[in-house]
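Generate coordinates for the entire structure from the input sequences, incorporating the hints supplied.
Single-letter residue listing:
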Amino acid sequence: MKKSLAVAFVCTYLSVLSFGIFAHALSFMQGSHPAMYFIVWDMFCGWSAYSQRFHVIAEGESGEWYEAAPGPWGSFQPFGTLDRRHYDSFSAHLPNLAMNNLRHTAHEPITRVFVVEENWAKKYNMPEDVWQRQYGTVKPRDEQITRYHRVRRVHSGDGSPLHSYTPWHEYQVRVLVADNPRLISDMRRGKSFYAPPARWMPSVQESLAEGSAKEFTARPNAN
Amino acid sequence: MPALRNSGEETTVLGRLQRFFFAEEVPYGLAIVRILMPLVLLIDVIERWPHAREHFSTDGATAQISVTYGWGKLMPEFPGTVAVALFTLLAFSLVTLSVGWRTRISAAIACVLYPYFTTLDSLSFLTKYTVIGSHVLLLLAVSECGLVWSVDAALEQRRRRAKGEPALAPPTTSAFARRLLQLLIGYTYFGAAITKMHTPAFFSGDQLLFWVNTHVNHWHGVGEYFTLIPWAFSIFAYIVIVWEVLFLFIGWRGVGRTCMLTLGVLFHLGTTLILGLYIFPMVCITVYFAFTNAEDVRWAAIQFRRARERWFGETARSRRARRLQPSLFDRLPAAARIPAPMAFAAAAVAVTLLGVQGEYLMDPYGLRRAEGPYTLKPVGIERARELLLTANGAITPEDQIFSFDMGTTTIGGVLVDRRQTFKQGDCLYAQVTFNPPHGDMWVQCDLHDLVRGEGGKLAYEYEFLRDENGDYLKDEEGNYVPDKTTVRAKLGTIIDEVGHVVTRDRMRTNFGYTLGQSLEPGRYALVLKTKGREVGRKIFTVLDDNGRALAN
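Residue numbers (this note's numbering), protein chains in the order written: chain A, 1 to 223; chain B, 1 to 552.
Hints are computed from structural coordinates only; laboratory data are not their basis. Wrong hints could be hidden among the right ones.
[What the hints assert, rightly or not] Straight line, CA to CA, 27 Å or less: simulated DSSO-like cross-link-like pairs of lysine-lysine: (1) B:K531 to A:K139; (2) A:K139 to B:K474; (3) B:K474 to B:K538; (4) B:K423 to B:K529; (5) B:K529 to B:K474; (6) B:K423 to A:K139; (7) B:K529 to A:K139.
Encoded structure:
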């Protein structure tokens with residue numbers, strides 16, 4: 001009996017591991033269930049030329065702005081010197097973190113919470129001496145480095161989602177691809193004519209520019 | 001054993017599998033993994049214990065992995081005090097598993113609670129090494145890893161001595177759990193190799209080039225220096241993938257085992273120094289001890305005994321005398337010898353309660369402070385504007401270029417010998433590496449003669465206009481506006497202009513120059529431009545056959 005159970009366990013365990021390899025190799029169901037994380041060994045991070053950080057800020061009724069994450073009791077740095085919030089590359093949990101901090105602090109009524117992504121080229125992460133040997137120049141100071149921001153999520157003060165936007169990297173790829181008059185022309189040409197009812201419809205460029213500060217300020221709290 | 005080897009059972013595939021998985025052995029390898037792995041995992045658990053309420057309870061902000069996968073919250077969440085109690089129990093079970101006290105139940109508790117808590121906090125607790133740790137805890141829970149080198153084994157020996165029974169030889173058990181641990185690490189490496197096969201940029205070294213400049217792990221100051229020798233990544237890449245694929249097939253015994261495990265240790269030490277991974281290597285190297293067999297232990301015991309004899313003057317007689325002395329357990333007073341299950345349960349409850357009380361006193365949210373709850377930290381309006389109103393700017397040309405180098409030789413498409421001095425007859429490559437994403441670009445490289453200024457087109461460099469705050473002004477296309485009244489430097493004569501279209505999928509482009517006799521010895525500059533703007537400049541010297549740079 002004990003041996004039979006052991007045989008069954010060995011067979012099941014190896015089957016599960018093998019399925020993980022199969023799913024990973026052929027990109028089959030590898031993201032279909034959270035359990036797949038336990039059997040798919042895709043161990044890579046950092047495959048991007050830009051460093052990514054997150055800022056979570058809250059707007060009070062008075063117009064004052066507050067840091068909604070990390071909490072005022074201190075941050076937790078799990079793998080070095082970075083706060084926990086920076087590891088949420090999909091920004092799926094950051095509103096939850098902010099709401100927890102709001103629940104446990106004294107503050108004026110909050111109207112909106114913004115999750116903002118910040119990016120900069122990773123080459124600026126080089127230490128000064130590596131930079132000088134690589135480029136032969138003095139490394140730019142922090143304020144000289146171009147930092148790219150993008151609003152990723154907007155939530156109301158009670159945590160209700162109002163807007164979510166594509167990640168900065170994806171947005172830039174779309175903008176770069178769309179920077180092609182022939183492509184835009186083809187996209188327009190391929191669409192059948194449809195006159196919508198009297199309602200504003202965004203152009204392709206406007207759609208691609210979704211999440212811009214202009215649009216955001218023009219439609220605050222829009223649902 | 002020879003009888004089995006000669007039997008028909010051994011020659012069939014099923015028989016070999018039977019022997020591979022179910023041969024009886026003293027579980028020394030499992031015992032080492034059992035001792036080390038919980039201690040390694042405990043590092044993370046202790047670090048996170050003060051934050052248990054915030055990360056793992058309904059009184060905090062969990063980050064379940066299932067939410068990221070779009071499945072909502074699949075795991076149950078408990079109130080803060082319960083979460084703290086369970087997290088404390090997890091720490092306790094890891095300690096008792098390591099020492100081998102009520103080993104099976106300790107492993108069972110750890111193998112349920114550890115993956116549970118890691119999935120509750122996918123931001124800062126769930127990583128691939130915690131996944132490997134969860135697998136190992138599961139395999140320890142189904143194994144008899146506490147048969148040797150454990151409190152349980154010592155208690156069993158004491159029981160036999162108390163009853164006057166002779167001491168047993170080291171007990172044996174089926175090898176299947178140890179085999180599964182070996183297969184687990186082999187599968188892990190094989191899966192990692194598949195990931196690399198899916199990532200072409202891994203083989204060109206680009207993936208690692210950016211990874212060493214990523215600051216999301218621990219300190220890895222050595223890695224950043226590899227930016228200066230990016231070709232090394234390409235060589236590492238091929239060695240690593242060959243090792244990862246082969247591990248599962250030849251890492252079982254003999255030279256293959258020695259090679260694979262040695263390469264593994266070197267690889268993981270490299271990830272510590274170059275990529276800043278600390279716990280991951282510890283987890284993987286701990287699993288390597290599953291490759292330990294009885295012969296290895298015998299060899300190590302002999303070495304250990306010789307070392308004791310050499311360093312502490314121990315003799316065979318003193319060794320016998322030491323063995324006859326009563327053990328720590330034998331010396332315990334009779335009143336302290338309560339039944340092990342009761343003692344274990346009492347200790348678990350006591351430690352858990354102590355943890356809950358300690359966490360209450362810590363007051364992680366500061367709700368019971370004399371001055372009341374914390375207040376939110378204000379953010380200046382300027383900072384809020386910077387975050388919200390400078391969004392979505394186009395990537396500057398400078399940021400689209402990672403590096404601009406010169407040399408004569410490439411390996412895997414990457415320059416090997418970056419230099420600033422060339423000889424007539426050399427073939428100079430000017431290599432531009434890009435930061436993805438970039439669009440389809442026109443990239444131009446101008447060759448300037450810095451010595452001879454006559455003839456050809458003259459190029460100048462200007463200061464750029466600034467506003468009253470000192471910030472650079474930009475024109476409608478986002479380019480800096482040159483102040484043509486301030487000629488900063490004459491760059492010499494442009495003697496060659498060449499440009500490439502670089503499509504968006506390219507990471508690199510090369511400009512090739514043959515430095516023939518028509519290019520006189522002297523100083524030259526290569527100026528890299530895109531969108532009409534200079535984004536890089538390299539000055540180099542061309543020497544004649546005698547190694548001299550002649551000046552006009």
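Each hint tested on the structure:
no., hint, verdict
1, B:K531 to A:K139, "holds, 23 Å"
2, A:K139 to B:K474, "holds, 22 Å"
3, B:K474 to B:K538, "holds, 25 Å"
4, B:K423 to B:K529, "holds, 25 Å"
5, B:K529 to B:K474, "holds, 17 Å"
6, B:K423 to A:K139, "violated, 30 Å"
7, B:K529 to A:K139, "holds, 20 Å"
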